[in-house]
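J.: So you can see what is in the structure, the chains are spelled out below.
Number of protein chains: 4
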Amino acid sequence: MNKKIPVGILAATGTVGQRFVQLLADHPWFEVTVITGSERTVGRPYGEGVNWKLLGEPPPKIANLIVQPTAPGLGVQVLFSALPTPEAKELEPAFAKAGHIVLTNASPYRMDPYVPLLIPEVNPDHTGIIPHQRETYGWEGYIVANANCSTTSVVLPMQILHQAYGLETAVIVTMQAISGAGYPGVASMDILDNVIPYIGGEDSKVESEPRKLCGTYTSGKIQLADFVVSAQTNRVPVFDGHLGSVSVRLKQSASSEDVIALFQQWQPPAVCRDLPSMPEPVLIYRPEQDRPQPRLDRDAGNGLAWTVGKVRPCPVNNIRFLSLAHNTLRGAASGSVLNAELLVNEGFITS
Amino acid sequence: MNKKIPVGILAATGTVGQRFVQLLADHPWFEVTVITGSERTVGRPYGEGVNWKLLGEPPPKIANLIVQPTAPGLGVQVLFSALPTPEAKELEPAFAKAGHIVLTNASPYRMDPYVPLLIPEVNPDHTGIIPHQRETYGWEGYIVANANCSTTSVVLPMQILHQAYGLETAVIVTMQAISGAGYPGVASMDILDNVIPYIGGEDSKVESEPRKLCGTYTSGKIQLADFVVSAQTNRVPVFDGHLGSVSVRLKQSASSEDVIALFQQWQPPAVCRDLPSMPEPVLIYRPEQDRPQPRLDRDAGNGLAWTVGKVRPCPVNNIRFLSLAHNTLRGAASGSVLNAELLVNEGFITS
Amino acid sequence: MNKKIPVGILAATGTVGQRFVQLLADHPWFEVTVITGSERTVGRPYGEGVNWKLLGEPPPKIANLIVQPTAPGLGVQVLFSALPTPEAKELEPAFAKAGHIVLTNASPYRMDPYVPLLIPEVNPDHTGIIPHQRETYGWEGYIVANANCSTTSVVLPMQILHQAYGLETAVIVTMQAISGAGYPGVASMDILDNVIPYIGGEDSKVESEPRKLCGTYTSGKIQLADFVVSAQTNRVPVFDGHLGSVSVRLKQSASSEDVIALFQQWQPPAVCRDLPSMPEPVLIYRPEQDRPQPRLDRDAGNGLAWTVGKVRPCPVNNIRFLSLAHNTLRGAASGSVLNAELLVNEGFITS
Amino acid sequence: MNKKIPVGILAATGTVGQRFVQLLADHPWFEVTVITGSERTVGRPYGEGVNWKLLGEPPPKIANLIVQPTAPGLGVQVLFSALPTPEAKELEPAFAKAGHIVLTNASPYRMDPYVPLLIPEVNPDHTGIIPHQRETYGWEGYIVANANCSTTSVVLPMQILHQAYGLETAVIVTMQAISGAGYPGVASMDILDNVIPYIGGEDSKVESEPRKLCGTYTSGKIQLADFVVSAQTNRVPVFDGHLGSVSVRLKQSASSEDVIALFQQWQPPAVCRDLPSMPEPVLIYRPEQDRPQPRLDRDAGNGLAWTVGKVRPCPVNNIRFLSLAHNTLRGAASGSVLNAELLVNEGFITS
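Chains as they are written, first to last, in the numbering used here: chain A, 18 to 368; chain B, 18 to 368; chain C, 18 to 368; chain D, 18 to 368.
If we strip away everything but chain A, and leave its shape as in the complex, we get (with noise of 0.2 Å):
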């Protein structure tokens, strides 16, 4: 690539905006160019206009933008956007239908039948789609949603188990990570020395996600997968990472050894591979019988790798074992940059 892609970030203030803004200050296909944020910051550069809750300080060059108001016709193709769902319901087929290419992190088209619900590594083909949105919409861009930060943590080992032996059922439990809340978020009276049972939306959306990235792709329409999933959500007093434990039954049945085997052997699909984000390896797989840990282990491939441990026969179902991811970052921002790594490579956003 001679010239990097001008690309845009929407609501760029907020917890997962920011991370946007860290992720492709360096990037070596995209540059930032455009910058929207909340009318309290239009009009100011980013640096003084946001309260910045990463390490360090806002990247120089992406400081000195100024904020422009959230709206279609930003000079730029390539849209990241970090909008409140709201916003998003509201504003994202506008910015497609305008043209514009739409990375969402926000939740209201995921289960759009047109819209690809992406994660490189589980479902690259599900892009096969996107002409079909432009068509059935008649929109010039279009929408590319990534998982809801939960979903993200368990799907992917998910997903091997469902290519390699048939997901029947899974029964999941999660502990995950305050930052999942955004900015305040979650008040600290309430998680200190504490777990709250309950995230809203969260258990359904672990539960319906999973059946659409697993789902299949076939000549314009994306087939749910036919397993089902319980989920029970629970937020504990921990910063990053969401922790998945899984319990499932698999239609041809396997060992806990040969599970292992499979985590220790896959590898993502060939078309994800030298992506630029992607880091190496997607998956690590555990052996210690404490792993994996959100301290531990939330920062592997830079916050981008999924981490397993703990598989064991379950008395009640198959298989059980746990998963965690990044929510932040695996789970929110960077899902959605590797996801515009991978529309570059297969064609569907140009510079």
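Be aware that one or more of the hints could be misleading.
One copy or any two copies: either way a pair holds, since identical chains are not told apart in the list.
For lysine to aspartate or glutamate, the following DMTMM-like pairs were computed, each having C-alpha atoms within a straight-line distance of at most 20 Å [claimed, not checked]: (1) K70 - E305; (2) K70 - D257; (3) K70 - D316; (4) K222 - D307.
Source of the hints: derived by calculation from the structure; they are not laboratory data.
Go by the hints and put chains B, C and D onto chain A.
T.: Only chains B, C and D this time, still in chain A's reference frame:
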């Protein structure tokens, strides 16, 4: 009761031992007259030898007792045992043989077919095995065990469901407090901003103990319940209170409304309703979608009540719910005290 | 007292308001008959409108009271005010003018020369200013303020030293609990695994309020104490309990042994010894080198006692020590309740 | 440097030892060729013997080294010592006598008049004492110590003020991370929801070490600085990063504007500017009223920079400020690595 029954506490200086001291200091039926402790503390007043970890100060009456070595011949029949596993394994039978009644919090004899694994509200009739224990082993006294704290935190609602509908399987994921590991126990560097998805031996205890607790006593035999449990136990940065996320398959189908009504109407067996430490109510059903929570619910009923909530249909099994109990009170010392009260009520302990 | 004195609570739905509700529900002298709250809750039973954050449930008697708007003419003379600063500033004088006795936890009138900033154990004679307040401002009622929770946590030992040796300077660094910021207050993302070395307005309160509290009342005037305080306040990941590290320079020199003896022998002024909420002892001196600690000492005396420790010579000044008090009990609601009890004892509140 | 200097690490399996391993694995000047460890690990590859507590895995090159017993004759001259205090006291002089250069993180020889207590940015000229150490003790090698991590976190701004205005007194209160106590170190039951206002021996180190660090080296003698320090050290629930709240009295008066300008313009001594591990900048002044914070600032400059803030007039003394440094990096292992780099630059270590 005109006169209090004298009792002793074995290993009274540890975490569970201190709880026994606290709970028995003003007990209406029992009076602590003997305290045993480690070699370091033998011969010194308890108040000097103990590194008191509970709020306030050791109760003055007990603080002045001289710590004895842990060996039969202590001059009281009833002993509350907070012995660590290896010592419990070796010494508790010796005490029982010598005529002592041992109410133990330790694990070695929990699954012994002649030792009642007892929770008054769950299986009060299991005391029927006591005469058979004495006869079989040729002991003058006997051993009664309370359950592991993790088992305890979930087993009451399991038994209620089992008795009403028949339990077929249960998939349990726990989020457990650091105090469950005793002192010093969990290193702060391991648990701050983290979850440890492993507690030594705990998964198998939660998988086996409920089958005995919910089993049937008939004519000298405790028949294990025939359901199957899958348990994955986790340590979280919470001081007190074990929370379990449970998904069950029932033999006879039930709606979540049925189960909620069952939990709301449930009353403990008549034989244990008037025990002095029995909380009222024993089982608290909370309708909020984000309860129970360890910090808010662990102290309900002086730390002796169970709190259940989030009773919902399970897409994979039948019903799922959350259950919480205070691990060092309900799940440890107080459990043994309630057991002793039941034994008094049933004539197994006499003054 | 034959009949309880009816009282009201202003802004009873917030964090401090809930504490008032909890503390006054079974008070021997006072009976809550009026509750006010935000617009959202007006007209509904308190138990429905409140988002109860304390353990257990709202006391039934008060839960059934209908929430009133916060405006004079509430039908009770004595009002406990948990109003936020701006509302307190505007409304409390209006209540006092209308004949109400306002016991406020808010800051606006703490440093008013005619408003007693009152802690019964510290400066009970400052109530003498009340008639002058009424006369000066032409109010039928009056305002009595309690101190900021950070000030409170350190001021009692300061006053004891001031009265014994004369205080010249104090350098204070506090480590304060998250509950001091109310709910939702401190974001968990800000305080987990962190210290925030700033609490808005708190440094200056701790520097000014002790001078008034330790000041001298004579003939219609409170003369500020002439010592100088430097305060740097910090938020730490602790739920309840403010800890202050204090180094003082004394006018008349004293050894650490002198000061320890002074703390051990100190008794509160006779006028406040028999108040129903007064703990016994009020001041606890702990000889251990690692006390006081927030989790272990905050609940001493039902959260109403101060705990001091680590009394040592200071290489730079004369003496240093630690002081701890429960911020939402001693430092907020309970402080006002004790003030009301003192006012009853001194005849400023009559039934 | 054409060829790397071979070095050894003493007690490489502990917390500080692991940091040495991590820091030296890819060092441009040094190559780890020798590793020593406890009896349990001797004879095994380091990667097998160590209970790795840092993120990721032990560096492969070092993981394969066979652990040696800790005794002179290790075949490398330069040794980084992470020995515990008693072993350090006994063994480090033996190593120095045998010709080794010992860069120690341990405390026993820090205040020895002939051992430089060295921080390159603070007192690089104190290396001048090395020849006198060798001569006085008859050693072929020598010992260089780094400071206690608490001292380190505050001493750089103290030295800058001392050199500019003359320091007369400092009152210091620290809030220190749990990692400072090593592993397992602080029990979670002691520190969750708590502050421990005591760290064994730490107060006196912070009171004495700055006087040596800020002292003057002339002709074979380190003259202690004549200021007086009062320190009260506290443990808080923070993983890494020690924060100090400092109030100083200066010999020559200065405004907070003066001090801020001084901190902003300060540059480290020329002799240490080009050391490979030296961060740029070394000292970061943050203007925000709520900084530095451990979680946000500890990793500045790869954990090697100091962050200062809240420079304000002190009502009691002259100036107060906050200072923060990463305790296990800047305050421990990295400090020794920087010392070694300085010694290479000054010719005290040669390849």
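J.: If a hint holds in the structure, say so; if it doesn't, say that too.
T.: Now for the hints, and whether the structure bears them out:
no.	hint	result
1	K70 - E305	between (33 Å within a copy, 13 Å between copies)
2	K70 - D257	both (13 Å within a copy, 18 Å between copies)
3	K70 - D316	both (17 Å within a copy, 14 Å between copies)
4	K222 - D307	between (27 Å within a copy, 17 Å between copies)
Going through the hint list in order, the structure satisfies each hint without exception.
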